Amino acid sequence: MEISGLHPPSLDHVYPVREDSLLLATSAHVRPGERVAEVGCGSGLASLAAARSGAQVVATDLNPYALAGLREESLRLGLSVLCVRTDLLSGLRSFHAILFNPPYLPTPPGERDADPWDALALDGGPDGQQTLWRFLASAPSHLLPGGRVYLLWARIRGQVPAESLPSTLGREGWNARNVGSRSLPAEELEVLELVRD
Amino acid sequence: MELLCCPLCRGDLTLEARKEAKGEILDGTIQCTKCSAKFPIEDGIPNMLPPELR
Numbered sequence: 001m002e003i004s005g006l007h008p009p010s011l012d013h014v015y016p017v018r019e020d021s022l023l024l025a026t027s028a029h030v031r032p033g034e035r036v037a038e039v040g041c042g043s044g045l046a047s048l049a050a051a052r053s054g055a056q057v058v059a060t061d062l063n064p065y066a067l068a069g070l071r072e073e074s075l076r077l078g079l080s081v082l083c084v085r086t087d088l089l090s091g092l093r094s095f096h097a098i099l100f101n102p103p104y105l106p107t108p109p110g111e112r113d114a115d116p117w118d119a120l121a122l123d124g125g126p127d128g129q130q131t132l133w134r135f136l137a138s139a140p141s142h143l144l145p146g147g148r149v150y151l152l153w154a155r156i157r158g159q160v161p162a163e164s165l166p167s168t169l170g171r172e173g174w175n176a177r178n179v180g181s182r183s184l185p186a187e188e189l190e191v192l193e194l195v196r197d
Numbered sequence: 001m002e003l004l005c006c007p008l009c010r011g012d013l014t015l016e017a018r019k020e021a022k023g024e025i026l027d028g029t030i031q032c033t034k035c036s037a038k039f040p041i042e043d044g045i046p047n048m049l050p051p052e053l054r
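Same order as they appear, the protein sequences are chains H and C.
Taken in order, the first sequence gives residues 1 to 197; the numbers are from our numbering.
Taken in order, the second sequence gives residues 1 to 54; the numbers are from our numbering.
These aren't lab readings, by the way, just hints derived from the structure by calculation.
These numbers were taken from a predicted model, which means no experiment stands behind them.
Do not take every clue at face value.
[What the hints assert, rightly or not] Derived contacts from chain H toward chain C, CB cut-off under 10 angstroms, selection only:
id, residue
1, Arg35
2, Ala37
3, Leu67
4, Leu75
5, Asp87
6, Leu92
[Stated by the list, open to error] Here are a few chain H residues that face chain C, going by a calculated C-beta distance under 10 angstroms:
id, residue
7, Val57
8, Pro64
9, Ala68
10, Arg71
11, Leu82
12, Val84
13, Thr86
14, Ser90
15, Arg93
16, Ser94
17, Phe95
18, Ser141
Ideal Cβ placement from N, Cα and C applies to all residues, glycine included.
One chain only, chain H, in its complex shape:
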């Protein structure tokens, strides 16, 4: 599984392109001319794919290595991606589509990755959902009418959550629809398309 012509290079301190990055980039429906934001972009594969589809793309991350790498790669490919260093959607206006592959690994405080940039990409807090919910709290005010969120989510094998994510999302006013899945040895990956009820 790959996206032809898009191969962001592996960089130190940047989460590399993996199955989750590919699934998000290939499952998000982005139309030409739409305003698209990718939050926590990392290597920025989904941003590059959206820009290639003709969308107007902003990519955000806290990680300066990720942003510098994505900017260089977008220039090399002749694609326009505005790279912005910020926390999630802070400082962004409103979009037709917002893409996010959040850090989703359940991580007790004592088990954080020693490299702070790797920890930022992986550590989802004790329940794996900390950053996801912080993002979803701010997302509605950054969506244009009818706007969609494309969220990468993983079911880690052997871990049974108290409540499935789609039911929690429903309670929080999101209508969730699966638009992509991939089964891996340790986890089931899914991309959910979320719209406000």
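With chain H's structure known, arrange chain C on it following the hints.
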């Protein structure tokens, strides 16, 4: 710039370029027209973090 706003008050932003190439600002300053907060652009990347986190 129409995709960005002030992270503190959501005000409109103005741009001041120090170094430009191919119609793109490489180094400069973004300023909020409402609360006057300033944010640097370095190597083509706006930094919208609050000063203490830059």
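Results for each hint:
1. Arg35: With a minimum Cβ separation of about 7 angstroms from chain C (threshold 10 angstroms), the hint on Arg35(H) holds.
2. Ala37: It holds, given that the least Cβ distance between Ala37(H) and chain C is near 8 angstroms, below 10 angstroms.
3. Leu67: Holds, because the Cβ-Cβ distance from Leu67(H) to chain C comes to roughly 5 angstroms (cut-off 10 angstroms).
4. Leu75: holds (8 angstroms)
5. Asp87: holds (7 angstroms)
6. Leu92: Leu92(H) check passes; min Cβ-Cβ to chain C is 6 angstroms, inside 10 angstroms.
7. Val57: holds (9 angstroms)
8. Pro64: holds (8 angstroms)
9. Ala68: Hint on Ala68(H): holds, closest Cβ of chain C at ~7 angstroms, below 10 angstroms.
10. Arg71: holds (6 angstroms)
11. Leu82: holds (6 angstroms)
12. Val84: holds (5 angstroms)
13. Thr86: holds (4 angstroms)
14. Ser90: holds (4 angstroms)
15. Arg93: holds (5 angstroms)
16. Ser94: Hint holds; Ser94(H) Cβ to chain C Cβ min 9 angstroms, cut 10 angstroms.
17. Phe95: At 8 angstroms from the nearest chain C Cβ, Phe95(H) passes the 10 angstroms test, so the hint holds.
18. Ser141: Holds. Min distance 9 angstroms.
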